[in-house]
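Chemist: So the sequence lines, in the order shown, correspond to chains A and B.
Just so we're aligned: the first sequence equals residues 3 to 830 in the working numbering.
Just so we're aligned: the second sequence equals residues 1378 to 1634 in the working numbering.
Derived by calculation from the structure, the hints in this document are not laboratory data.
A portion of the hints provided could be inaccurate.
Claimed, not checked - Among the chain A residues that face chain B by a calculated CB cut under 7 Å, a handful are:
(1) Glu292
(2) Ala298
(3) Val299
(4) Pro386
C-beta atoms are modelled at their ideal positions from N, C-alpha and C, and glycine is treated no differently.
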Amino acid sequence: MLSLAWHTLRNRKGAFAGAFVALMCAAALITACGVLLDTGLRGGVRPERYAGAPIVVGADQQVHWTKDKKDKVKTKSKPLTERAWLPADVAERLRGLPGVRRVVPEVTFPAWTARGPAAGHAWDSAALTPFTLATGRPPHTAGEVVVDARAGLRPGQALTVSATAAPKTYTVVGVTTQALPSGSSLFFAAPEARRLARRPGQVSAIGVFPASAQPSAQTSAETMVRRALRGTPARVYTGDARGPLEFIDAAKSRVTLVSMGGALGGTSLLVAILVVVGTFALLIEQRRRELALLRAVAATPRQVRRMIGREALLVGAAAGVPGAAAGLGVARWLRTLFVDHGVMPANLALRLSPFPMAAALLATLIAGWAAARLSARRTARIRPAEALAEAAAEPRRPPLARTLIGLFALAGHVTLLAVLGALDTEAAATPVTFLAVVLAAFAVALLGPVISRAAMALLTQPLRLSRVSGHLAAANTRANARRFASVITPLTLAIGMTCTILFVPATVGDAATRQARDGAKAGHVLTGRVPPDATATVRSLPGVRGVTEIVPTTIRAGAGHGKYSARGLTPEAPAQTIDPGVRAGSLDRLAAGTMAVSATAAGHMHARLADEVPVTLGDGTPVRARIVAIYDRGLGFGDVLLPYDTITAHVDDPLPRQVLVTGGSADAIRQAVRGYPGVHAESAGQAQEDRQAKQADNAEVNLVIMGLIIAFTAIAIVNTLAVATAGRARELALLRLIGTTRRQVLRMLRLETLVVTLTGTLLGSAVAVATLSAYATGMTGSARPSFPPLSYLAVLTAVATLALFATALPGRLALTADPAETISAPDG
Amino acid sequence: MLLGNRHAAGRPAAGAEAVRLTSVHKVYGRGAAAVTALEEVTVGIPRGGFTAVMGPSGSGKSTFLHCAAGLDTPTSGTVRLGGTDLTGMSEVRLTELRRSRVGFVFQAFNLVSSLDVTQNVTLPLRLSGRGIDKKWLAEVLARVGLSDRAHHRPAELSGGQQQRVAIARALVTSPEVIFADEPTGALDSEAGREVLTLLRQAVDAAGQTVVMVTHDPVAAGYADAALFLADGRIVDSMTRPSADRVAERMAVLGGRA
Chain A
3 MLSLAWHTLR NRKGAFAGAF VALMCAAALI TACGVLLDTG LRGGVRPERY AGAPIVVGAD
63 QQVHWTKDKK DKVKTKSKPL TERAWLPADV AERLRGLPGV RRVVPEVTFP AWTARGPAAG
123 HAWDSAALTP FTLATGRPPH TAGEVVVDAR AGLRPGQALT VSATAAPKTY TVVGVTTQAL
183 PSGSSLFFAA PEARRLARRP GQVSAIGVFP ASAQPSAQTS AETMVRRALR GTPARVYTGD
243 ARGPLEFIDA AKSRVTLVSM GGALGGTSLL VAILVVVGTF ALLIEQRRRE LALLRAVAAT
303 PRQVRRMIGR EALLVGAAAG VPGAAAGLGV ARWLRTLFVD HGVMPANLAL RLSPFPMAAA
363 LLATLIAGWA AARLSARRTA RIRPAEALAE AAAEPRRPPL ARTLIGLFAL AGHVTLLAVL
423 GALDTEAAAT PVTFLAVVLA AFAVALLGPV ISRAAMALLT QPLRLSRVSG HLAAANTRAN
483 ARRFASVITP LTLAIGMTCT ILFVPATVGD AATRQARDGA KAGHVLTGRV PPDATATVRS
543 LPGVRGVTEI VPTTIRAGAG HGKYSARGLT PEAPAQTIDP GVRAGSLDRL AAGTMAVSAT
603 AAGHMHARLA DEVPVTLGDG TPVRARIVAI YDRGLGFGDV LLPYDTITAH VDDPLPRQVL
663 VTGGSADAIR QAVRGYPGVH AESAGQAQED RQAKQADNAE VNLVIMGLII AFTAIAIVNT
723 LAVATAGRAR ELALLRLIGT TRRQVLRMLR LETLVVTLTG TLLGSAVAVA TLSAYATGMT
783 GSARPSFPPL SYLAVLTAVA TLALFATALP GRLALTADPA ETISAPDG
Chain B
1378 MLLGNRHAAG RPAAGAEAVR LTSVHKVYGR GAAAVTALEE VTVGIPRGGF TAVMGPSGSG
1438 KSTFLHCAAG LDTPTSGTVR LGGTDLTGMS EVRLTELRRS RVGFVFQAFN LVSSLDVTQN
1498 VTLPLRLSGR GIDKKWLAEV LARVGLSDRA HHRPAELSGG QQQRVAIARA LVTSPEVIFA
1558 DEPTGALDSE AGREVLTLLR QAVDAAGQTV VMVTHDPVAA GYADAALFLA DGRIVDSMTR
1618 PSADRVAERM AVLGGRA
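In isolation and in its complexed conformation, chain B is listed as follows (with noise of 0.2 Å):
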């Protein structure tokens, strides 16, 4: 079975973009200590491409995940996922949109550790009460190539095959979007290049859509795209990034910044 017409199959058809960000602020703190993390950010993700975040450190970079993901809402702006507008939606409706539509990838501790690999990758589909196709499971499983690991428990795994499972749970639910937040910052670059592949193999062969944020230029280069944060604001796009050319438009930020 191809993974491509499965989504295919549940994907509302209108629209070429994913998540649309529009004129979204996000203030900390209020009064003397309020701190800005985003100011008047416009943008629109691409359905079926692989977008990468970039930024330098206090850019911004999370919270634009954390606000397009539904798990924190902008102070002012609106956020739509998927043709679905999470302005005033209550947390337990954004709980449930995030297990249907969203996956995330996060940069460590993805993993509930009492739980096995099949448990942890499960997880969301038991928590909305869903069956589990054991074909499609397996199918996930392969993919990230962990058939053999089924019943390992996170402590058992490395680094680079944790984030493998974070992979596979953000993929069981077939979702909208694919969020991850700094998904090989914490591996040696073997296994990060694992990761990268396999996120890009998602968009590939799957038409997954996927937002990544990351610091790393070669990550960045595996991308269809990347935009630049800094300062809270949308400062640069590029597409087809290639690691040489993201490093230095990053120098160029980072000076700014």
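Next up, chain A with everything else stripped away, as it sits in the complex (with noise of 0.2 Å):
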């Protein structure tokens, strides 16, 4: 039997051949996927800054809280979002301890140049890369800077340093001989690195150099840190364990890159076989007559069964392996893009191991042969002489089972319409949506023949209007709605997962603009790193009502922990800035120990007014905070307002990166900033199409991300209507021999994907506007989901253009063979 799938698939490479395509992309995908989740789950970053101290010692860089679970107890950690200190008197237990050469403490500032970001340290702990002068000597007094090899500066010029606070002019008096990978440096004297850093008697890290470089002495040092820092916060960093500690970020990165991963790869792997199915039933459609033969002559249903299987089996084989590796290449594109759009830090490399290809390779085989097997099931079991008679014309029913499970699965889809009009974070609603669009898919794909018969009795009385090409392109609809219900699924699973990826973050981008653009009070926005003093000065300008400045930051709050954007703010007067919306209590009441938060935050949270919440900084520092107003547009202020002081001492970044300014001219406001370099004065009209530019930008690593589903499902699209037409052959060639001119032939072949892409349009878009409506209304409270006109228009051109070039290419190819040759032929 081997032998015969074998066969077959050698003689008809191009029947397979979509099949062989959508498995191929299939295997690529989930491969690119399994890379990213791979990468997440296990993926490291090499320590740079902290290259040269074997032994660093930091602050535990995670949260861990514990759940309770009926009976069980489980820890949960998640790694912090800021960057957690250690009490500086930490060093102090480690000096001196035997076998440990030097202990080097660390301070860690952002320090802002003209030429953009860069990490400012002590001199005193150049030593933990090492760093090295190659020109000039340390900075000695506080005006004084060595700057890395990449600044391109040389001693004796001058560089303007935004750091944490005012912008200060310093000398430069060194040049290193190295410059890091991801970043660039600067080296001030120890206190006035110290003064930059704002926090008083904590350090970031502290290097451990060990007596001597022998790997024994190492592990006795490493044992001497671990017994003297028992019982402080303090963790010991060792090897690669290091670039954790160094790059933050990553930890978060990676978090983002297995939740993205594990969506992206689950949607394509369900896409995958939706498509394979179909590209499967379709292929064995077109092999009725052919089957039909074999049972009649010698094979049991069993054996035409496990034909089949085996056909997908060597068709999965031979797509596989090129489609896992190929996926390689996919997961460097995709990590590239991540890179460029700041998803994912460049120093975060790819783990390439074999699972992910073995997997991929797996699921392919799988995908395929039960894809096969399913499409197998009714031809294989039909009667030999019912499969003869029935070669040329289609069953009149479509099974019951096949029916109820179509009706199964739009139960689920609807049930999941519910499910999502009530999840309200970005977080736990973005992956429903798309399983919701798969689904309905299903849906259709399941009920396509009832669907299609239907549909096709509305749409194609307008077709008989044209007398030959439009009749005959009716007459074909209608009775092969079996082969119509393959094409019209990807169709409509094209237009419904397109229309839903690009307009989800639409949806929330758009209420999030309404929010804020309502809420806004402000009638100027200073944006950029904004220093206090230059808020200072704006403050005192005449006819300035009220100035609030805002820091951005993420905290955990609540029984549940859970993870909400937040911004601090200067509590003065707050509501002449803001209007966040307040329907409880007022913002007038945020102090130190309150903070202010969002409707659904607070659902989140089981939290009233008035109620005391446990809240988890940045950093991981616990307070307790009491809640003094409940707003509604959290879309646009955030889900937590907290007084600026009390996360200020918590984040990585202190300066507000945007200040709201009420009263005051704009003249005015501009030459009170005009000294700060980076700080822009901007209209509120100006800070809102930032706002939309950003959203837009948002929007891009969105759709390029998803863009490979997107993809698949074009390439579906072209499958199957290539299949489907390379498919009718001989039925052309009979059109042709019985006198339709080649011009009739492939306007009737036009007409048919009108009707079946208008088919495909309409359902599309209804499960597209029902899952967005479904996600809007769980996200933003209205059932009001954004579909851009232009956008949409724009799928759906590209769609209705993809489904006629993808019939009318086989379709001319059919043609051009001589019809009577055709026609003869023993197999089309």
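From the two separate chains plus the hints, produce the assembled complex.
Modeler: The following block contains the structure:
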């Protein structure tokens, strides 16, 4: 039987090309997602700044909590979003330990120059890398700085640095030999560095150098260090573990990669199954005559099913291997895009292991085999006499089981929509939207014959206006409901999926923009990194009634330790500058030990006004905060508002990224901030535009990631239509022989494609509108999805063009052959 | 080696009939939409003979063949094939019976396009897991005149050659009966003559039993006996039919229908 399968494959390469392409794309997508997932789970970053210190002591960069689940207690750990620091006296415990030669405490702070961001340190801790001087000397006074090799500066030049306070101009006194691959470094005199770090009595890390470089000496030093640190919050990092301590963003990216890889991989697997089932169903539909012959002559139903299953395994193996290899390329390409869009740090290397490839190959084999067996079920079971008779005409009614399962899938889709309507966090809702769309596409695939019959009855009436081509197209469309059902599925999937992918960010983004606009009371906005004295200057300008500084961060709060986007704001009269739609309490009461939360967040925390809620700040510091206000515009203003002073000591960059100003003249404000590099004064309208531009950028990232799935559905359309059209060579030849002109045949094909595209568009749009409405209900509180008309039109045009192209090309090809020869060939 | 010997060895001695249909009814559909294709058909097909089943379109010829060959099950009545009662057999057992004891030649699309001549001919053997006797295969191919076409694919053969491959496939298992459904229907008269001569030879030289459904009086002229079907009933039979006599009878039947 295997050899029979092999012969069939070898000689029907064309027919199997569709399944091959579908499976290969699936294997590539799954491999790529697997690599991302693997990188997220096990990938690491190599230390750069700490590369020279064999042992690094730092704070735990994770937050831990226990979760009571009935009688089980689970410990959860999540990476911190801001760096946790250590008390400086930890260094004292390490000094003088036997086997420890040197202990080097480190401070790290953001230090921007005209060239962009840099990390500031004290020259004292240059040895951690180690940095050495190429020219010049170490900084001695508060006004001196050493720059790295990449800065392109020479000793004696001036450099303005905006660290965590007012910008200050330094004199370059030295240039290092080295530069770190992933960022610039600046070195200051120790007291100046400590001042700029704004963390008195704290260090970001401590480098420990053992007495000798021998491994045994290092191990014993490490043991001594661990012993000395017992009972302190400090952790010991060695080897590659130093990387995550240095780059705490990498942990965040890894979490993103895991969730993204999982969602993308899961969706593409489902889409792959759908596409492959469709392709095999079509293929088997076209081979009914051959399969009927096999049944009549000698093959038992089991043998036919087995043969088809083995064909699928062979195609799966042939497609899976190059597909999985191509997947590695796709993963590399994705990584480049992610790095460009800031989703992933450049130094987080992809983890290339054979596991994702093996998993993809296995998934492809199983998906192909299952799809083929599923499609073969009916054909194999049917009586040969029936099969022989049926080879020409297709069965009248779809089997009941198929319709029932289809209805079940539809019910599942509706259930998911209900679930989606109650989900109000992006992380939870986004995967559900894709699942809902895929489930709807499954329902369409299964109910296809029923749907297409209904749709055709309506849509083919206008076709009859065209006497030859239209009449034929109408007749074909109605008579071959099953073939059209196979074609409608990928069209529905493509349109539903693309609209959902494109318009999910727009739906939330537009709602957030609306909320931000409705709640904006400030006429002017300072953007960039705004130092306190710039704000003070603006505050003292005549006519300025309210000034609010805003620092973004992330916190965890409530018993569930949910993650919320938070903003620290200077609490002097915030009602002058923002109106987040307070429904209970008042923003005026925002002070130390309190916070304001959005209604959504309050719901998640199970908290009401005046409740005291446990909060974990970005760097892991636990505090308690009483809720003094609950507001509605959470999407526009963040889930949690905290006093600026509460968070300023717990974020990596304490400078406000935004300062809202009510009153005052634009000119005066612009004048006031002129001396501050990187600070811009904008009108509220400009700020709004910036916001939308940023939103568009986010949508682009989303599009890049999900673009692969869109591409896959596009391939599925081309695939299915091409296979369907190519399988009709005999029929087209017959039409030519009885006197239909080439033009008429092609016109007929075009009209047919138009009918199926229209049906697919209606179904796909309905699915997208339903899914997006449910999503909007959950996320924004109103069932108002954003359907930007231009983008929507572009999607429809692209799909229609693709569909026409995919029909016309094989159609033309089929028509170039001599019709008399085609029709007498033993098998079309 | 004589083909005849081989057959004589494996054949059950009992009974002079290869196929026996008793009170066979076949109804398609249910209720108001029911169509009776065969009605009260009782007939025996003699072993070692060439029987033509004649009748106008819609007379139930194909249904008769499908029921007799185990491709379809009658609504009522019994079918015995070489002493085996087909009533109540599962689809799998019917398939196994077909591949060992029945050979088929259909009107068209007889062959699996991706397999070459040899592979098509040996398909029933391969599917039943039986070994392939190379000498026997060569013999069969020689008999149908395709020795030099053994590794051609169906697309490279003429219509007549394709039908000859189908005959070879039917012969290769040395079946109880070869059923042919309009085997010349898609061929020109020259190629049709070749196919009919081969079927005739299978009966004469090898002692095979052949049942052929046709509406062509010339084809029926090659048979030993002809059965006439009209409206699902056997209305007449004829021994030693000639093309002219059959045509005459058909004209009457056609008028009736």
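Chemist: If a hint holds in the structure, say so; if it doesn't, say that too.
Modeler: We went through each hint and held it up to the structure:
no.: 1; hint: Glu292; result: holds (6 Å)
no.: 2; hint: Ala298; result: holds (6 Å)
no.: 3; hint: Val299; result: holds (6 Å)
no.: 4; hint: Pro386; result: holds (5 Å)
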